[in-house]
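Novice: Using the sequences and the hints given, assemble the complete structure.
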Amino acid sequence: MSDIQTSTIRVPKNVLEDIKIYCRKAGQPVGEWVEKAWRFLQKNDFDIYDTEATPFLPVPAEVEKERSQVDALCKLMSEFIISQKQAQLPPPDIQQKATDRIAELEHLIGKYQEKLDSLSEDKTRLIKERLQWEQKYYDRDKQNYMLSEKLQKQGELLEIAKTELRHCKGFFHLQMRAF
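Following my numbering, the numbering of the sequence shown begins with 9 at its first residue and continues without gaps.
If you're looking for bench data, these hints aren't it; they were derived computationally from the structure. Please note that a few of the clues may not be correct.
Said to hold, decoys possible - With a straight-line cut-off of 30 Å between C-alpha atoms, the simulated DSSO-like cross-links for lysine-lysine are: (1) Lys119 with Lys83; (2) Lys177 with Lys158; (3) Lys21 with Lys44; (4) Lys33 with Lys44; (5) Lys83 with Lys73; (6) Lys131 with Lys144; (7) Lys144 with Lys158; (8) Lys144 with Lys161; (9) Lys123 with Lys136; (10) Lys119 with Lys105; (11) Lys131 with Lys150; (12) Lys28 with Lys44; (13) Lys51 with Lys21; (14) Lys150 with Lys136; (15) Lys123 with Lys105; (16) Lys93 with Lys83; (17) Lys161 with Lys150; (18) Lys105 with Lys93; (19) Lys161 with Lys177; (20) Lys170 with Lys158; (21) Lys136 with Lys119; (22) Lys119 with Lys131; (23) Lys21 with Lys33; (24) Lys33 with Lys51; (25) Lys51 with Lys83.
Specialist: Below, the structure is given as structure tokens:
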């Protein structure tokens, strides 16, 4: 490479920068990259100015024959699959009836779902009402129970007071006789 005479090739700056970045990453000088790129184009017979051409590799006759046999087999297989589908699948009118029935059932499912949602809301509302009533009656029963206990205690105190009063009357009655 050192014995090669150098020359300047004019390229846009952005292209030159891209090439330099690529060469730095590859660890090769720009001149070597240009030389390898040119050899690659020559070796592969690329005409970079031909916009319609596509790279082409010659295909041996054996490969072409095999490829055409594979294409023929693929076509036969495709025809077989289509015929089997037609033999296996029901006729289009039955498919249409089934599709219509599915749509009808989906519509009914939607209606039933709406009804189910409505019933679920009613159930939730009724449960809340029942809980409110239970709480109301629980509170009332609790108050009645507390009142009942209070009355029972007052009754017990009243009985004790009556007993004490009888003792006191008996005591005073005895005391009065003694005077």
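Novice: Compare the structure with each hint and give your call.
Specialist: Consistency of the hints with the structure:
Taken as a hint, the Lys119 and Lys83 pair is broken in the structure, with Cα atoms around 48 Å apart against an allowance of 30 Å. Note on Lys177 and Lys158: the hinted pairing holds, with a Cα-Cα distance of about 28 Å set against a maximum of 30 Å. With a CA separation close to 21 Å, the supplied pair Lys21 and Lys44 stays within the 30 Å bound. For a cut-off of 30 Å, the pair hint linking Lys33 to Lys44 stands: about 16 Å separates their Cα positions.
Restraint check for Lys83 and Lys73: satisfied, since their Cα atoms lie roughly 15 Å apart, inside the 30 Å limit. Between Lys131 and Lys144 the CA atoms are separated by roughly 20 Å; this keeps the pair inside 30 Å, and the hint holds. Distance restraint check for Lys144 and Lys158: the Cα-Cα separation of roughly 21 Å lies within the 30 Å cut-off, and the hinted pair is therefore satisfied. For the given pair, Lys144 sits about 26 Å from Lys161 by alpha-carbon distance, which is consistent with the 30 Å threshold.
Only pairs whose Cα atoms come within 30 Å are accepted, and Lys123 paired with Lys136 is accepted, the gap being roughly 20 Å. Proposed proximity of Lys119 and Lys105 is supported: the alpha carbons are some 21 Å apart, at most 30 Å. With a C-alpha separation of about 28 Å, the suggested pair Lys131 and Lys150 falls inside the 30 Å cut-off, and the hint holds. A C-alpha spacing of about 15 Å is found between Lys28 and Lys44, which places the hinted pair at or below 30 Å, so the restraint holds.
Between Lys51 and Lys21 the alpha-carbon distance is near 28 Å, which keeps this suggested pair within the 30 Å criterion. With a CA separation close to 20 Å, the supplied pair Lys150 and Lys136 stays within the 30 Å bound. For a cut-off of 30 Å, the pair hint linking Lys123 to Lys105 stands: about 27 Å separates their Cα positions. As the CA atoms of Lys93 and Lys83 are separated by approximately 15 Å, the hinted pair is consistent with the 30 Å bound.
The suggested pairing of Lys161 with Lys150 holds, with an alpha-carbon distance near 16 Å, which does not exceed 30 Å. Taken as a hint, the Lys105 and Lys93 pair is honoured in the structure, with Cα atoms around 19 Å apart against an allowance of 30 Å. For the hint linking Lys161 to Lys177, the alpha-carbon distance of about 24 Å falls within 30 Å, and the restraint holds. In summary, the hint linking Lys170 to Lys158 is supported, as the alpha carbons are separated by about 18 Å, within the 30 Å threshold.
Between the alpha carbons of Lys136 and Lys119 the distance comes to roughly 26 Å, so the proposed pair stays at or under 30 Å and holds. Restraint check: the Cα-Cα separation between Lys119 and Lys131 comes to about 18 Å, which is no more than 30 Å; the hinted pair holds. For the hint linking Lys21 to Lys33, the alpha-carbon distance of about 18 Å falls within 30 Å, and the restraint holds. A C-alpha spacing of about 25 Å is found between Lys33 and Lys51, which places the hinted pair at or below 30 Å, so the restraint holds.
Between Lys51 and Lys83 the CA atoms are separated by roughly 38 Å; this puts the pair beyond 30 Å, and the hint is violated.
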